[in-house]
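A.B. asks: What follows is the residue order along each chain.
There are 2 protein chains.
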Amino acid sequence: MANQRVVVVVVTIVVTIVIVVSFIIGFVSVQNPTTKSGTFLDGVSDKIIKDGDEGITQRLIKEISANSIKGYLKNLTSKPHLAGTPADLTQATQIKEEWESYGLSPVVLNPYRVMLSYPDRESPNLIQLINDKDEIVFSSQAIEKPLRPEHNYSDVAPPFNAYSASGTPQGDLVYINYGRQEDFAWITQTKGFNLTGKICIARYGKIYRGSKALLAENYGCAGLIIYSDPADYAKNGEDNVYPNSEWLPGTGVQRGSCSKCNCGDPTTPGYPSIDGCYRVPDDKLDVFKIPIQPIGYDDALEFLGKMAGEEVPEGWKGTLNITYRLGPGLSQVNWSTRMRISTRNKMATTYNVIGYISGEIEPDRYVILGNHRDAWVFGSVDPSSGKACLMEVARVFGKLYKEGWRPRRTIIFISWGAEEYGLVGSREFVEQFGKNLQDRVVAYLNMDSSVQGQYAMFSRSVPLMYKVLYETTKKIPNPNPDEIKAGRKSVYDTWVERRPRVGRNGKTFPHITRPASGSDFAPFTYSIGVPITGMRYMKQTGGYALYHSAYETMHLMETFLDPEFKYHEAMACVWGELARALSDSYVLPIEVSDYAHEISVYVQQLEDAFGANFTRKNITLDYNFDETVTKINKNNPLHVRRVNDQMVKMERHFIDPMGLPNRPLYRHVIFSPNEFNAYSSGSGFPGISDEMFQIELEETPERLEVVKRHLSVISFLISSAASSLEDVSDFVK
Amino acid sequence: MANQRVVVVVVTIVVTIVIVVSFIIGFVSVQNPTTKSGTFLDGVSDKIIKDGDEGITQRLIKEISANSIKGYLKNLTSKPHLAGTPADLTQATQIKEEWESYGLSPVVLNPYRVMLSYPDRESPNLIQLINDKDEIVFSSQAIEKPLRPEHNYSDVAPPFNAYSASGTPQGDLVYINYGRQEDFAWITQTKGFNLTGKICIARYGKIYRGSKALLAENYGCAGLIIYSDPADYAKNGEDNVYPNSEWLPGTGVQRGSCSKCNCGDPTTPGYPSIDGCYRVPDDKLDVFKIPIQPIGYDDALEFLGKMAGEEVPEGWKGTLNITYRLGPGLSQVNWSTRMRISTRNKMATTYNVIGYISGEIEPDRYVILGNHRDAWVFGSVDPSSGKACLMEVARVFGKLYKEGWRPRRTIIFISWGAEEYGLVGSREFVEQFGKNLQDRVVAYLNMDSSVQGQYAMFSRSVPLMYKVLYETTKKIPNPNPDEIKAGRKSVYDTWVERRPRVGRNGKTFPHITRPASGSDFAPFTYSIGVPITGMRYMKQTGGYALYHSAYETMHLMETFLDPEFKYHEAMACVWGELARALSDSYVLPIEVSDYAHEISVYVQQLEDAFGANFTRKNITLDYNFDETVTKINKNNPLHVRRVNDQMVKMERHFIDPMGLPNRPLYRHVIFSPNEFNAYSSGSGFPGISDEMFQIELEETPERLEVVKRHLSVISFLISSAASSLEDVSDFVK
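Chains as they are written, first to last, in the UniProt record's numbering: chain A, 1 to 733; chain B, 1 to 733.
Don't read these hints as lab results, they were simulated from the structure.
Among the hints, a few may not be true.
No farther apart than 16 angstroms at their CA atoms in a straight line, the calculated lysine to aspartate or glutamate pairs in the EDC-like style are these [stated by the list, open to error]:
id : chain 1 : residue 1 : chain 2 : residue 2
1  : A       : 47        : A       : 63
2  : A       : 96        : B       : 702
3  : A       : 402       : A       : 730
4  : B       : 634       : B       : 645
5  : A       : 284       : B       : 702
6  : B       : 284       : B       : 302
7  : B       : 402       : B       : 98
8  : A       : 733       : B       : 217
9  : B       : 260       : B       : 217
10 : A       : 708       : B       : 645
11 : B       : 467       : B       : 626
12 : B       : 96        : A       : 275
13 : B       : 284       : A       : 730
14 : B       : 346       : B       : 283
15 : B       : 50        : B       : 360
16 : B       : 708       : B       : 607
17 : B       : 708       : A       : 98
18 : A       : 402       : A       : 63
19 : A       : 634       : A       : 51
20 : A       : 260       : A       : 298
21 : A       : 566       : A       : 698
22 : B       : 206       : B       : 232
23 : B       : 74        : B       : 497
24 : B       : 399       : B       : 98
25 : B       : 733       : A       : 730
26 : A       : 284       : B       : 283
27 : B       : 284       : A       : 497
28 : B       : 539       : B       : 471
Negatives, chain B to chain A, calculated, CB over 12 angstroms [to be verified]:
id : residue
29 : 55
30 : 61
31 : 312
32 : 364
33 : 527
Model, not experiment: these values are computed from the prediction.
Where is the CB? At the ideal position from N, CA and C, for every residue including glycine.
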């Protein structure tokens with residue numbers, strides 16, 4: 001369906017982009033800082049101009065212990081710790097005290113008063129089947145049934161979707177598959193459904209649940225039910241589930257947020273929720289006006305099994321033992337579906353815990369390790385498997401610090417609050433301290449869940465982090481005994497074997513995914529352009545079935561996902577070594593040419609995605625800045641500092657302060673999340689791919705202008721990034 | 001007319017601001033970097049940790065020569081050099097070659113293809129008196145009459161206002177005094193005039209002419225005539241004028257731009273005008289839709305002397321020998337006024353000339369000296385008196401460089417193009433290289449006109465530049481022999497004597513004005529938050545009468561304004577020494593507490609301006625960061641660098657990437673220009689004072705919300721600035 005005019009526009013401007021990348025980065029070959037700066041400290045051998053102690057790597061590997069991590073996880077998962085509750089504050093305070101005991105100094109609790117969302121225990125959320133006499137024929141379960149003796153459910157919040165509106169819509173049910181844009185388009189355009197006033201039911205999966213809700217609201221649905229189909233969450237059959245396996249039982253429900261923007265507290269968009277700050281009035285808040293509620297497949301069966309209407313197409317079928325139908329409505333005449341939703345938005349205080357190990361030589365350059373603390377229930381995977389690793393890394397760095405080791409740069413450990421609601425703690429923090437962070441952060445290293453499976457490592461990163469990720473994982477022993485037997489000794493070896501990707505110069509590297517939204521790295525990327533990485537050990541594909549349910553327990557982790565905690569240990573080592581390399585290396589382990597290569601890949605993907613088909617001009621990408629780095633005068637600490645700054649700050653250049661088209665809070669033109677799927681960054685230029693998607697649905701002159709204009713901005717920001725790598729006293733060409 | 005509710009809002013939030021300033025800046029007393037950083041280079045005495053050679057100051061004073069400057073000015077004023085014309089490029093190329101010969105390296109021409117505006121020589125702009133038979137009774141002069149034998153007028157562009165629309169509106173004349181917001185409000189509200197379709201005539205003065213035009217267009221006028229009244233421009237009488245004095249003759253006309261935004265090329269708002277960039281389509285351009293034209297008072301007399309209607313109030317009278325009347329229309333029945341305006345927007349190329357003296361130790365920190373090159377005609381004052389100084393400073397620094405002197409930081413000389421049209425060259429440059437500049441610029445030092453009179457120095461600066469301005473001017477000999485005789489030996493002595501202001505701790509300092517718009521420092525302030533200063537030698541009050549006319553010649557300067565060029569010499573010395581101090585001092589000569597003090601003054605002014613009246617809480621401002629600076633470990637170059645960066649980058653914190661209310665391109669919450677008077681920044685918080693002004697005209701709930709919200713943003717950004725001064729490894733409180 002590619003449109004000719006659009007293609008011409010894309011082609012023309014994309015060519016410009018590519019030429020800019022090649023040409024301007026090519027110019028840096030002129031640079032020769034060694035001659036310009038001279039040698040000021042010949043003969044001085046002081047630690048100010050020395051590299052860090054690489055022996056620390058082996059100390060980290062030796063000290064980081066699977067058993068210790070297991071101990072942390074047991075403690076962290078002993079109680080539910082939903083954001084903004086007393087249990088969450090208790091855990092934050094404990095973490096603060098532990099970090100202080102390790103030697104981190106100072107450790108502070110950084111509070112934000114924010115709008116969160118909670119269900120009402122007194123009036124639980126229910127989905128009801130109503131017959132023609134207005135009687136309740138069936139009501140969904142109010143809470144998830146306890147399935148293990150140690151389950152203590154007294155503090156468990158019943159299933160809900162955060163930021164749902166409250167209300168009791170009643171009407172005809174319509175099944176809309178995964179609730180993606182193409183699903184809504186098909187049912188309304190091809191099948192002619194009018195969704196106004198309908199109760200829509202979507203299955204979980206493929207895209208962010210908040211994106212499903214956004215589409216449901218836009219299409220006029222009166223409410224949205226989201227359920228977990230066994231096709232996606234009980235793949236080994238409905239009788240092979242938790243507590244006997246890692247799969248979701250019919251009583252399990254996936255909680256989760258439906259934040260509209262995924263950018264922090266909805267009452268303070270773009271600004272921090274600090275004392276005395278301005279709050280958007282209630283009637284202007286960008287939150288859902290319709291109720292949204294998750295249910296399990298036992299409950300879903302009661303509704304889906306009774307639906308009227310045409311049978312769904314093949315790709316829309318799940319594996320419940322029913323005939324899936326589109327609706328509208330139920331087969332019994334005048335029966336209907338009612339949602340009784342009491343979920344309400346409420347002001348609460350969330351806390352980030354922040355602990356420092358001060359840098360000795362460059363304390364004003366930061367490497368930040370972050371993991372969120374809040375969990376929907378026990379959170380044994382999300383986020384506590386990551387938190388257990390964070391505690392272990394903090395403990396070991398604290399030990400090294402007490403022994404006298406000092407990193408060159410400052411290391412900051414952060415336990416984020418209220419990530420689950422929409423990256424609230426991290427986003428407010430970035431909003432409050434963004435200018436300091438833009439000046440000073442070398443890298444933000446995120447770990448949400450650390451272990452979801454045993455197949456291979458997985459990472460979302462900006463290209464500036466590729467080199468250090470590869471170098472680091474090569475040093476960390478492989479946690480998988482079978483892989484070691486097969487000759488793959490490091491985390492890297494299995495990663496590149498199982499997730500290979502052809503990269504620069506036709507060589508094979510481990511695949512690394514683009515960052516989008518989805519965890520606390522996002523505000524660092526899309527708001528202030530700080531180089532980030534996020535990582536975990538994962539299954540071959542997909543997540544884990546018990547995600548965000550009350551069954552995500554210590555039992556799940558110690559029985560099925562990582563009984564020996566060897567994968568946790570490996571991930572803690574990766575994290576620790578990344579932090580060491582970035583905080584203690586004299587010259588930063590970064591190759592800016594990784595960025596140039598990725599940009600050319602994204603341009604190719606943009607062409608592929610939108611049908612452009614043309615011969616590129618003769619282009620060779622030059623990577624001369626990396627050569628420049630090898631020529632640094634290491635006797636001059638200010639020279640090294642300058643080149644390090646140039647490498648790190650290249651990322652900032654992709655931030656447009658004006659934001660993406662129609663989305664002023666998303667500012668990274670390469671790595672912001674997509675508009676209708678916050679978990680994805682599409683083809684790498686989200687402002688373009690979002691608009692092109694809309695144009696394929698309906699082309700308007702305005703949209704074509706937006707594409708032309710935004711391509712021009714991208715082209716400019718790439719040239720701006722290139723200019724930052726020029727010889728500093730000759731950056732205007 | 002202050003409204004009670006508004007006052008309450010202002011009071012509450014203003015108190016918050018003040019507390020934030022005091023408290024958080026107070027916190028920095030905890031900082032003690034010396035202990036944290038240790039001493040790494042004890043015993044090392046290398047220039048990397050040494051201060052620059054202060055003896056250079058005396059060399060500068062000795063080398064900078066009045067005669068040399070006079071020679072430059074003679075050459076620069078030999079021909080008109082309007083922006084975008086061949087003469088402009090010729091001058092740019094000459095400057096490039098001269099700078100290269102001085103030793104600056106590299107020197108580049110930095111071109112932008114931009115939309116400028118020109119009159120049509122074939123069809124000159126005329127204002128005509130039309131009688132009841134539709135005959136032309138009078139036509140204004142097409143060009144300014146040559147008054148001196150050396151005047152070469154073949155290349156002089158006839159009088160025009162840039163970015164005027166073309167067209168031939170005809171109708172009744174209405175006199176609107178200075179065309180300020182209060183003038184328009186009075187004539188329409190108190191006098192009940194409907195200005196729709198009227199030809200308005202305003203006198204020059206008080207506010208930016210573009211602001212007059214904006215109001216005229218908003219009030220529905222069909223066209224705007226702006227003239228120079230003898231009351232403002234021929235104060236010694238109409239027979240005591242150029243070429244016999246410095247006052248404006250009746251044939252002289254003030255040209256000037258009516259840029260709507262004063263932010264660069266109107267076809268690329270917010271982005272640089274580089275190859276392949278997106279341009280706003282013609283029908284979406286933010287330019288005037290009405291014709292605007294300047295005339296002299298000889299011509300104005302022909303219209304004003306024939307007007308009908310009520311006599312104007314006292315404050316509206318000029319000194320033409322007529323009875324000033326409001327109109328509408330002329331006393332002869334059915335006579336009318338017609339504008340024949342052929343001024344058109346046109347794409348042209350403008351050039352910045354950029355020359356470097358590379359820093360030896362910190363080449364990635366810049367001190368920029370800038371002056372624009374384009375003149376409406378000969379530009380002997382504006383801008384060439386400044387350009388002559390720039391040439392001289394460049395020559396002398398080049399000489400020192402050739403002798404082996406090397407500044408610690410990079411010094412960049414820039415000759416801007418197309419400033420007169422709306423800061424076009426500087427704005428496009430800041431748009432293109434803003435991210436590099438934000439990272440690297442220590443200070444931007446602007447000089448537009450250098451000498452307009454002999455009374456005292458005048459400066460517009462951000463508070464971070466106060467200290468270096470005072471220190472510098474104390475070193476520069478007084479150019480005024482009478483003042484020297486009176487015991488005032490330095491530029492500072494006369495400055496503080498003649499423009500005193502009570503500042504910090506009740507001491508008297510020279511008055512320094514807030515930056516707003518008006519010259520090339522503006523984009524550095526309002527867009528990227530770089531510390532700036534602008535300065536000149538000036539009359540006691542006001543500008544100079546021949547401003548932007550064809551009579552602004554070498555004759556004016558060498559006969560009346562600065563016959564011996566002593567004031568030029570002094571200003572060149574000030575500029576050179578500022579550049580030396582900022583580029584070569586090891587620790588930057590900045591006191592951040594100057595900012596804290598000014599903010600408290602602006603808060604007071606905000607209260608005064610809007611009638612707030614309350615007792616402040618007990619507030620004491622602490623200035624501990626300045627103490628911190630005195631405790632720097634000077635043996636550690638990275639420590640000094642860090643503290644320097646903190647001081648400079650404090651300014652960046654006042655930039656809100658979202659922009660001021662309704663003005664996304666103006667981002668500095670303290671020092672952006674006011675909306676209806678681009679030359680002023682009102683009471684120091686333009687987003688507030690603009691909105692309060694509107695509220696006093698008409699209060700709406702929306703406007704009150706805007707004030708509340710924006711005060712919250714200001715309060716936050718001040719706390720952000722304070723956080724940047726915290727101990728770097730403990731910045732979260």
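A.B. asks: So, for every hint listed, does it hold in this structure?
C.D. replies: Evaluated hints:
1. Proximity of residue 47(A) to residue 63(A) is assessed by CA-CA distance (about 25 angstroms); at most 16 angstroms being required, the pair is judged violated.
2. Between residue 96(A) and residue 702(B) the CA atoms are separated by roughly 43 angstroms; this puts the pair beyond 16 angstroms, and the hint is violated.
3. For the hint linking residue 402(A) to residue 730(A), the alpha-carbon distance of about 45 angstroms lies beyond 16 angstroms, and the restraint is violated.
4. Distance hint between residue 634(B) and residue 645(B) is fulfilled; the C-alpha atoms sit about 15 angstroms from each other, no more than 16 angstroms.
5. For the hint pairing residue 284(A) with residue 702(B), the CA-to-CA distance comes to about 12 angstroms; that is within 16 angstroms, so the pair holds.
6. As the CA atoms of residue 284(B) and residue 302(B) are separated by approximately 37 angstroms, the hinted pair breaks the 16 angstroms bound.
7. Annotation: proposed proximity of residue 402(B) to residue 98(B) holds, straight-line Cα distance about 15 angstroms (limit 16 angstroms).
8. A threshold of 16 angstroms between alpha carbons decides the hint, and for residue 733(A) with residue 217(B) the separation of about 40 angstroms lies outside it, so the pair is violated.
9. A distance of roughly 11 angstroms separates the Cα atoms of residue 260(B) and residue 217(B); the hinted pair therefore holds under the 16 angstroms criterion.
10. A C-alpha spacing of about 38 angstroms is found between residue 708(A) and residue 645(B), which places the hinted pair above 16 angstroms, so the restraint is violated.
11. Simply put, residue 467(B) and residue 626(B) have alpha-carbon atoms about 12 angstroms apart, close enough for the 16 angstroms limit, and the pair holds.
12. For the hint linking residue 96(B) to residue 275(A), the alpha-carbon distance of about 53 angstroms lies beyond 16 angstroms, and the restraint is violated.
13. The suggested pairing of residue 284(B) with residue 730(A) is violated, with an alpha-carbon distance near 36 angstroms, which exceeds 16 angstroms.
14. Only pairs whose Cα atoms come within 16 angstroms are accepted, and residue 346(B) paired with residue 283(B) is accepted, the gap being roughly 15 angstroms.
15. Taken as a hint, the residue 50(B) and residue 360(B) pair is honoured in the structure, with Cα atoms around 12 angstroms apart against an allowance of 16 angstroms.
16. Straight-line distance between C-alpha atoms of residue 708(B) and residue 607(B) comes to about 15 angstroms, which keeps the hinted pair within the 16 angstroms bound.
17. A C-alpha spacing of about 41 angstroms is found between residue 708(B) and residue 98(A), which places the hinted pair above 16 angstroms, so the restraint is violated.
18. Taken as a hint, the residue 402(A) and residue 63(A) pair is honoured in the structure, with Cα atoms around 14 angstroms apart against an allowance of 16 angstroms.
19. In summary, the hint linking residue 634(A) to residue 51(A) is supported, as the alpha carbons are separated by about 10 angstroms, within the 16 angstroms threshold.
20. For the suggested pair residue 260(A) and residue 298(A), the alpha carbons sit about 28 angstroms apart, so the restraint of at most 16 angstroms is broken.
21. Proposed proximity of residue 566(A) and residue 698(A) is contradicted: the alpha carbons are some 51 angstroms apart, above 16 angstroms.
22. Pair hint residue 206(B) plus residue 232(B) holds up; C-alpha atoms about 10 angstroms apart against a cutoff of 16 angstroms.
23. With a C-alpha separation of about 33 angstroms, the suggested pair residue 74(B) and residue 497(B) falls outside the 16 angstroms cut-off, and the hint is violated.
24. This hinted pair checks out: residue 399(B) and residue 98(B) have alpha carbons roughly 13 angstroms apart, not beyond 16 angstroms.
25. A C-alpha spacing of about 40 angstroms is found between residue 733(B) and residue 730(A), which places the hinted pair above 16 angstroms, so the restraint is violated.
26. A C-alpha spacing of about 32 angstroms is found between residue 284(A) and residue 283(B), which places the hinted pair above 16 angstroms, so the restraint is violated.
27. Note on residue 284(B) and residue 497(A): the hinted pairing is violated, with a Cα-Cα distance of about 55 angstroms set against a maximum of 16 angstroms.
28. Pair hint residue 539(B) plus residue 471(B) does not hold up; C-alpha atoms about 23 angstroms apart against a cutoff of 16 angstroms.
29. Every CB of chain A lies more than 12 angstroms from the CB of residue 55(B), the least distance being 21 angstroms, so the non-interface label holds.
30. In this structure residue 61(B) is separated from chain A by more than 12 angstroms, as the shortest Cβ-Cβ distance comes to about 27 angstroms.
31. Separation of residue 312(B) from chain A is adequate, the least Cβ-Cβ distance of about 44 angstroms exceeding the 12 angstroms criterion.
32. Listed as outside the interface, residue 364(B) is inconsistent with that label: its C-beta sits roughly 4 angstroms from the nearest C-beta of chain A, within the 12 angstroms cut-off.
33. A beta-carbon of chain A is positioned within 12 angstroms of the beta-carbon of residue 527(B); the least distance is around 9 angstroms.
Consistency with the previously given hints fails for numbers 1, 2, 3, 6, 8, 10, 12, 13, 17, 20, 21, 23, 25, 26, 27, 28, 32 and 33, ordered from lowest to highest.
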